[in-house]
Amino acid sequence: MRYRIFPSIGIARLGEDEDFFLGPERPGDSPGELQADGTVIPVTRFKDATRTRIRKQGARFHIFESQDGINWSPANLPATATVTWTVTLENKKAAITRSDAPPTAPMRPQVPAGNQSMVIKGGLKEITGPNATSAHFTGQYATTAPSGAAFQVDVDLGVLRTDGQGRLIVLGGKGQSRAPAGVPIGPSFYRNPKWHDDVSDGPVTATIKLSPAEAPIQAEEGAWVIVAPPDYAPGIDCVVTLYDVIRQLGISDSGLAAPGIPSFDLDINPLLTRVHRLRFVHEDATWSDARFNNPNLGSRAATHQQLRTQVRDLVLTTESVFEGHISNTGPPFLLRSFQKKFLDDWAAGNFDDTPASTAGNLTAAGLTRASLESAAGQGFCPGIEAGIIVLDKTLYSTPFDFRFSHTSIKAGDITALMAQPWQSDFLECNTEWWPTQRPDIAPQAGGGVENWVRGAFGHELLVERHPRLGFIVQQGAQEVFVEVERDPTLGA
Amino acid sequence: MPQTRSRIRWHRPSLPAEESFTIMRATAPAPLVEREAVRRMILRVGIPVVEGATTAKEYAIGLLQLAAEVEHALLVQYLYAAFSLPNEFASDSVNYHRTLMNIAIQEMGHLTTVQNLLLLLGGRDAFYMQRDLIREDSDKNPIPFVLEPISKASLAKYVAAEKPAKVPPELAEKVDELVELAEQDSGVETHRVGVIYEVLKWIFSPPAASPEPVNFSSLAPLPEKPHITDADLQDNLIVVPEFEALRPEWRVNAVENVILEPVHTVAEAREVLDGIARQGEGLTNGGPSHFTEFMAIVAAFEAGTISVKSMPKAPTLNNGETGELISHRYTRLWVEVFNSQYNLLVLAIYHALVTPRPDDGSQGLRAALASMSIHSMRRVVHPIADLISSLPLREDGGPDKAGPSFALDASILNSNNDADLVAQHIRLLDGLKSLYSTIEASADFPSFPNHANTLINLRNTDQARRNLFPTPN
Numbered sequence: 001m002r003y004r005i006f007p008s009i010g011i012a013r014l015g016e017d018e019d020f021f022l023g024p025e026r027p028g029d030s031p032g033e034l035q036a037d038g039t040v041i042p043v044t045r046f047k048d049a050t051r052t053r054i055r056k057q058g059a060r061f062h063i064f065e066s067q068d069g070i071n072w073s074p075a076n077l078p079a080t081a082t083v084t085w086t087v088t089l090e091n092k093k094a095a096i097t098r099s100d101a102p103p104t105a106p107m108r109p110q111v112p113a114g115n116q117s118m119v120i121k122g123g124l125k126e127i128t129g130p131n132a133t134s135a136h137f138t139g140q141y142a143t144t145a146p147s148g149a150a151f152q153v154d155v156d157l158g159v160l161r162t163d164g165q166g167r168l169i170v171l172g173g174k175g176q177s178r179a180p181a182g183v184p185i186g187p188s189f190y191r192n193p194k195w196h197d198d199v200s201d202g203p204v205t206a207t208i209k210l211s212p213a214e215a216p217i218q219a220e221e222g223a224w225v226i227v228a229p230p231d232y233a234p235g236i237d238c239v240v241t242l243y244d245v246i247r248q249l250g251i252s253d254s255g256l257a258a259p260g261i262p263s264f265d266l267d268i269n270p271l272l273t274r275v276h277r278l279r280f281v282h283e284d285a286t287w288s289d290a291r292f293n294n295p296n297l298g299s300r301a302a303t304h305q306q307l308r309t310q311v312r313d314l315v316l317t318t319e320s321v322f323e324g325h326i327s328n329t330g331p332p333f334l335l336r337s338f339q340k341k342f343l344d345d346w347a348a349g350n351f352d353d354t355p356a357s358t359a360g361n362l363t364a365a366g367l368t369r370a371s372l373e374s375a376a377g378q379g380f381c382p383g384i385e386a387g388i389i390v391l392d393k394t395l396y397s398t399p400f401d402f403r404f405s406h407t408s409i410k411a412g413d414i415t416a417l418m419a420q421p422w423q424s425d426f427l428e429c430n431t432e433w434w435p436t437q438r439p440d441i442a443p444q445a446g447g448g449v450e451n452w453v454r455g456a457f458g459h460e461l462l463v464e465r466h467p468r469l470g471f472i473v474q475q476g477a478q479e480v481f482v483e484v485e486r487d488p489t490l491g492a
Numbered sequence: 493m494p495q496t497r498s499r500i501r502w503h504r505p506s507l508p509a510e511e512s513f514t515i516m517r518a519t520a521p522a523p524l525v526e527r528e529a530v531r532r533m534i535l536r537v538g539i540p541v542v543e544g545a546t547t548a549k550e551y552a553i554g555l556l557q558l559a560a561e562v563e564h565a566l567l568v569q570y571l572y573a574a575f576s577l578p579n580e581f582a583s584d585s586v587n588y589h590r591t592l593m594n595i596a597i598q599e600m601g602h603l604t605t606v607q608n609l610l611l612l613l614g615g616r617d618a619f620y621m622q623r624d625l626i627r628e629d630s631d632k633n634p635i636p637f638v639l640e641p642i643s644k645a646s647l648a649k650y651v652a653a654e655k656p657a658k659v660p661p662e663l664a665e666k667v668d669e670l671v672e673l674a675e676q677d678s679g680v681e682t683h684r685v686g687v688i689y690e691v692l693k694w695i696f697s698p699p700a701a702s703p704e705p706v707n708f709s710s711l712a713p714l715p716e717k718p719h720i721t722d723a724d725l726q727d728n729l730i731v732v733p734e735f736e737a738l739r740p741e742w743r744v745n746a747v748e749n750v751i752l753e754p755v756h757t758v759a760e761a762r763e764v765l766d767g768i769a770r771q772g773e774g775l776t777n778g779g780p781s782h783f784t785e786f787m788a789i790v791a792a793f794e795a796g797t798i799s800v801k802s803m804p805k806a807p808t809l810n811n812g813e814t815g816e817l818i819s820h821r822y823t824r825l826w827v828e829v830f831n832s833q834y835n836l837l838v839l840a841i842y843h844a845l846v847t848p849r850p851d852d853g854s855q856g857l858r859a860a861l862a863s864m865s866i867h868s869m870r871r872v873v874h875p876i877a878d879l880i881s882s883l884p885l886r887e888d889g890g891p892d893k894a895g896p897s898f899a900l901d902a903s904i905l906n907s908n909n910d911a912d913l914v915a916q917h918i919r920l921l922d923g924l925k926s927l928y929s930t931i932e933a934s935a936d937f938p939s940f941p942n943h944a945n946t947l948i949n950l951r952n953t954d955q956a957r958r959n960l961f962p963t964p965n
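First to last, the protein sequences are chains A and B.
As numbered in the working numbering, residues 1 to 492 make up the first sequence, in order.
As numbered in the working numbering, residues 493 to 965 make up the second sequence, in order.
Honestly, the hints are just simulated from the structure, not real lab data.
Some hints here could point you the wrong way.
Selected chain B positions facing chain A (in silico; Cβ < 7 Å) [unchecked claim]: (1) D584; (2) V586; (3) R590; (4) S697; (5) H943; (6) I948; (7) N949.
As a list, the in silico DSS-like pairs of lysine-lysine whose alpha-carbon atoms are at most 27 Å apart [said to hold, decoys possible]: (8) A:K341 to B:K801; (9) A:K340 to B:K717; (10) A:K340 to B:K893.
The following label-pair restraints were derived from C-beta to C-beta distances [what the hints assert, rightly or not]: (11) B:E794 to A:G114: 30 to 36 Å; (12) B:A645 to A:A181: 42 to 48 Å; (13) A:G491 to B:K925: 31 to 37 Å; (14) B:I918 to A:G114: 56 to 62 Å; (15) A:G114 to B:D878: 46 to 52 Å; (16) B:N952 to A:A302: 54 to 60 Å; (17) B:Q855 to A:G447: 53 to 59 Å.
All residues carry an ideal CB built from backbone N, CA and C; glycine is no exception.
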């Protein structure tokens, strides 16, 4: 039997509160509240009761098994089996050689010899068995203040947990960013020397022993975890997600099979939903267009071709509204080729209208897709969870299944070239970049719309007050998202 | 009241024999080569003389007003050029739309920094956002103000305007070819704007400064005391901080290499003038410049890697004006919308500049106007330009598409009184309200189903703008 870890790339998110919820595990799902039996129900709160501390988003990893290496199903391990997980987390954002603007093409981060003290090494932690907790990934960050005085702090990059079934849950840091006294933050959205945050990433491995007497079996290729900034609009995803970007790379460069005709339910409708939901976080009227609600969108009838074509064009409007890289050699914001082909096929009536659903049991492919669809793939300048480095095809193991090769990259490489610290990007890139993670607007329960970042508009303010900002959250089963859990004492 | 506009005439000096030009050998020291290049330019273009200026301060304000007009005009021309290119990689993996947008944004930075220099010298009344008044008096503009899609001829004009006095030898032949093409196409001599900044740098130099490339005082009728001193400056503890443009409020940190600097001293003034010169129009050929960017675009254009949208040259709504008449009735309505929104944008920037910054740290009207201006650039001007470039140019059909005409009503900037400025906002907004209704009633409107969304966006933005000016009870 062969074993692998899914999702191949998991996304955890920062939060000061030690309490946690789980990231999406089925395509189209929102984050989930872990139950004792390992299942999840929709999350009802993203903060603690004080509304000043954000709950961490955990990334849960599962073991899948396969006889042929092609078809993977949840591992059916015997009661005698144990799974030992290891994770390494690092943050090298402050230590690397960094330009004034994000890279315009994939590049590997470089840490000059003199900057090693600014690499926050959380180290390798191991965890085994159900309902366990590891030691914290605590690393040291050392630099000098403008006065010349030493600045040295411990930084908590997170901790490992397991659920009742022994599946790994990676929890990240607190969302705290710091620098020596007197070191300014701003005006750069990208490079603020001597500032560190507690974002991180690193490899995940699993060793399976079917019984104490049997030889350990290593899960093939391992997996990777990215600990990213909070997602303030969970349930609203980018038009171009990290999944779309990596999928296109796989199709173009790494032998991943090009998709056939699209399924309306599995391929088209999720994309339309993502665009339509933008209306809750970005103010362009296109996203509210009534044609998104037309019940005939899933009909292949020629009489509805004009409607389909018009709605395809509404989706493509995103290319003129959202920003890509600010440099002329960086990528503009564009839908991926396979997405455009899907839309063209759909508009032409060339699509599968058989009802389909991603609900039900967790699947290997669905776990990876759900994880990466919750992350931003558009406008790598530098991005939110992972930047343009993901376009380097040499990062991935082969055969391609969205998995970083542990021999190709090291812990901390994926997040190294993201904004330093992450709050500076959340401030400056405040329109037309990533409203699905960092909303531009905040619809109110009583009607009306507010500026989401009100009360925290400023580099220092955002570093200090980001936990007090509101979340844009779906209300029940309705397609209505409003701002909740904002600290009422945070001013306008 | 705002400063009245200056009048500029270009004085072509008759150089004494010892100042006559000589061919400099390639081995000559750099300062000599630079001096020779500046002298050659002066002989050809002349020196801008501010009529009636009797002090260095009056002279500098006059030149800064001219610089503001030139920056404003170049900004608009480069924006139009950017609109003519798709926002995507060309076949050489460069996004030339983005290149031009970034250059336009850098021109916006120049324009705003020039406002800070005007503030430093003349206080609030010195802010100046006009585009055409002084320039139209003279044929010494760097290039005629003509909106053009990207072509070899249009690029040639931008190269002519931005080229340094001393062109690198390896580019000299190509630049000469482009300047000749620019002059053939425009029908007039093209000029570098660099001389304006060169004279300004000299005026902001200490009297006993190290030798400049040229002693302008000996070549043109400058004031008797031609150098700015600290005594000429506004109170840089009260007046300047209250009104100066700062990077955070204009949100330029997300764009590469934008010069937008506060200026408090003569030395800082000279430094920012040098920075502007280096980045674009100036004579100092150092670092990345607009000149080198345009030369790269020329190379790509000649290699056939750039695809250009079909847009008119010098689109206009007015019969009898030079340029291509936009005759399609529906398109004309959108161009009118564009022009009103562009006027609102210029008005809002000016209004923000003349509005004092609250001293309690609050945002206030100034920050709201600045924020509205940024929003307008991104979400109003650019999208409507894209929309217009997809509409027909002529009523009688044909494949040609239209383009925005960027008509600017100079009278909107006649007063810096807050009530007058608010009245201008409301007048323009009322006109737009009527235009939107006319568009909706047009027989063409149903043919463009996404135009309804554009109108919703515009009405929302306009309402937000109106909300900045509450009607008194």
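Please flag the earlier hints that this structure goes against, numbers listed from lowest up. 1, 4, 5, 9, 11, 12, 16 and 17
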